[in-house]
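Chemist: Given next are the chains, with one letter for each unit.
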Amino acid sequence: MTIQNLAQYANLGVYSAMVVFTIAMVAFAIDLAGAAPRVSAPVEARKEPVRVGAESSVGATGHPAHGDDTDRPRSRRAAGVAMMLTRLGGLLLIAAAAMRGLSVHRPPLGNMFEFALVGCMFVVVVFVAISLRRDVRWLGLFVIGPVLLTLGLAITVFYTDASELLPSLKSVWLVIHVTVATFSVALFTIAFSVTILHLVKMWLERQDGQGGQGSVGMSRIRRAVNTALPPARTLDRTAYEINAVAFPLWTFTLIAGAIWAEQAWGHYWNWDPKEVWTFVIWVVYAAYLHARATTGWSARSANYLALAGYGAILVNYMVVNVFFVGQHSYSGM
Amino acid sequence: MSHSRMDTRPDESDVTQPTLGALGMLRWAWRQLTSMRTALLLLLLLAIGAVPGSIWPQRNIDAGRVADYLAHHKSTGPWLDRLGFFDVYSSAWFAAIYLLLFVSLVGCVVPRSRLHWRAMRAQPPRAPRRLERLPEHGQTEVDRTPEEVLQVAREVLRSRHGLGTHCRVRFDGLALSAESGYLRETGNLVFHAALIVVIVAVAIGHLFGWRGDRILVTGKSFSNTISAYDTFDPGPWVDTDGLSPFTVAVDRLDVTFEEHAGGAQRGAPRDFTAYTRTQTSPDAPEVRQTLKVNGPLSFGGASVFLLGNGYAPVVTVRDASGRVLMREATPFLPQDANYTSVGAVKVSAASPKQLGFFGLFLPSAYIDKDAGPSSFFPDLSNPALALGVYEGELYPHGRSHLNDTATTEKMTQLKDAKGAPLRLLLRPGQRAELPGGRGSIAFDSVQRWAGLSIRYDPGKVLALGGAVAALAGLIASLMIRRRRVFVRVSSSETAGRSVVSVGGLAKGEDPRLGGTVEAVLSAIAERTGKTV
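Protein chains in written order, with the numbering used here: chain C, 32 to 364; chain U, 1269 to 1800.
Treat each hint with caution, since some may be false.
[Said to hold, decoys possible] With a cut-off of at most 30 angstroms between alpha-carbon atoms, the simulated DSBU-like pairs for lysine-lysine come out as follows: (1) K201(C) with K1488(U); (2) K201(C) with K1678(U); (3) K1560(U) with K1342(U); (4) K1686(U) with K1637(U); (5) K1560(U) with K1488(U); (6) K1621(U) with K1560(U).
In case anyone wonders, no lab produced these hints; they're calculated from the structure.
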């Protein structure tokens, strides 16, 4: 099998994964929609689950399993199918990344297409890993959606032919620095989705809390989301935990990058645009962790910092690589 | 949680405020500066302040692009320049942010270290009277006397069901307090102290470090003295006479470019390898070493990096009688990815007027009728020199250095027979006669040059050590749980039985605290033979 051939199989893997993820996404959406109680049910019954959700948000310990708080547990077959497909898609991405790497005889971490591919692979792998320990079926749609979007961008806009690396990229630090960077971005991405959901859930809980009967007025989608999502406090804590794992990894990325820069460019810190933005991301998430540890800062304002941090990550990936002049000009576009 | 405050100042509400004297004002300012709120603000300012440096070109990275920008933005450029947007990382306002942050960091770390030192030696605090008010708590009744239960509780707290063998336990009547996870705060302090170390290391590198750049044509050598460098940029406290006397000779430079892939990847560099002979001092034995991108040579503290390369056409200039005025390889500087290179061949020995040949070297020449000559591939497939000829004074501003660039300011361009500017296009081996009996120029061959950057940074090891310590401290401070577990025992109404309450308190988020409290309670019950 020739090298270009293998790269084409890698692309085929990406396309197949996209098909699988599309179906998974639809299945996750069906599952979420199913979380809302039947519209035909009498008003009294309709109120029930929402009230339970509202109660648990106030701080009662041991809230019931999400979505299972009606008398008869709702069927989550769609979610089961979606999780299976997510795993399958994850395997396809792993295969695609491996074939891409084999086709160029190096780790597939050399240009934006490859970062996107490996980043998506990590997001799915981490999501599946979390799902083995906790019920995160509510999160599926909000993880697979961004993954699908990124893969679409990767295979169309960011696509670069498989080829060798620039001399400055030929180093073991490529594997160390870029793998960890991509992995922590994957974690930040999942945390970002959870943080957004936290804001949504807080908003829904507030709406729900207003005037007791508020839940009746809520649209079906809102009720579905409100029922399907864990309480805001849990979402907030989950996002924090993921960020707290990602931040040391990002610190490591920064240090490994500095060591590599010292070898390749002669100094460990050159204020290259990519370094600047990596530093900005680090500082913003450091501020987030500090804000979390400070009384007087609500979790919400701290979470806005986390959102700003993720905004900086997007700039670092999409804007810096393509538009800014610097030594990290390896987008291959 | 009452312990999650990061700053050490008391609540403002507790402070009775008489009129502030000068000292009081200072103290107030210090408290403001070292408060968490200020630190957060400064962190955000630092993040925002760093951004312009990635948007606008920076002098310390690429002075040429800054000059370009200023030339194209006549109105906004000078203002941005005045505000330091082209020297962001050495500007006064950026320095103000990081210096304040540095002070704030010190002001946070020092008092907290003192507190933590005391806390580590102190006993855990007394158990609160009502454990059921704690965020995690539980209660049960067991079949032993309170004293017996207390002993069991102590064992349980020190076991894997409780806080582990390292926890500290305090007896207080019929109550126990245990605390673990002191390393969380230790890690936190190590992290912040290590950041101070990194900043100090950066300062050391700035003050005592230097960098020099040298373009070295293959076949030549250079020794580490200031005069040998094209540019030399020492820190303010560098002893420039005490540079270590190593020499580097580049015998050969192998360069490979992408020839197979299409699109933007075509012509991309794939490998640069310089074959060198080095000596650590003039008397030391000669060593053959290869120098690659990502593979610097090192001499004591200084490292030699291969950061650039290009072509140096070898040109011979003769006068009308055939006497050689100059025969030299002149480095031309690449301007694009295909190594269209500019340079000047300077003949200061020519008389009566000095001669200068200014123009392009093209490794793979392509002559377009309208756009003029350019190169279509970075490697040597069709090398050519395209030169204009000037005569006059090469160095109107004096000449102080080997590699001073010549200008055409005080020179006039030679014309051909039709009166148009004379343009020479030479391929290797070709020779051109200059008009008016000015002699001839021959393009003999092409050599490569290696762009060497020599760096010395005495702070880099310290910076790395600080960074690694910071990472370790960070992991400890985020992963270790600081917990307190309290046990209170009282006699039950039934004689010989006891009521055990367990409560837990954590610093920060601790989702597993509830599980620990439950585990402690059930382990106590199990070991005392609980009867329901």
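Chemist: For every hint, state whether the structure bears it out.
Modeler: Verification of the hints:
1. K201(C) with K1488(U): holds, 27 angstroms
2. K201(C) with K1678(U): violated, 47 angstroms
3. K1560(U) with K1342(U): With Cα atoms ~42 angstroms apart, K1560(U) and K1342(U) exceed 30 angstroms; violated.
4. K1686(U) with K1637(U): holds, 19 angstroms
5. K1560(U) with K1488(U): holds, 18 angstroms
6. K1621(U) with K1560(U): violated, 43 angstroms
Of the numbered hints stated above, those contradicted by the structure are hints 2, 3 and 6, listed in ascending order.
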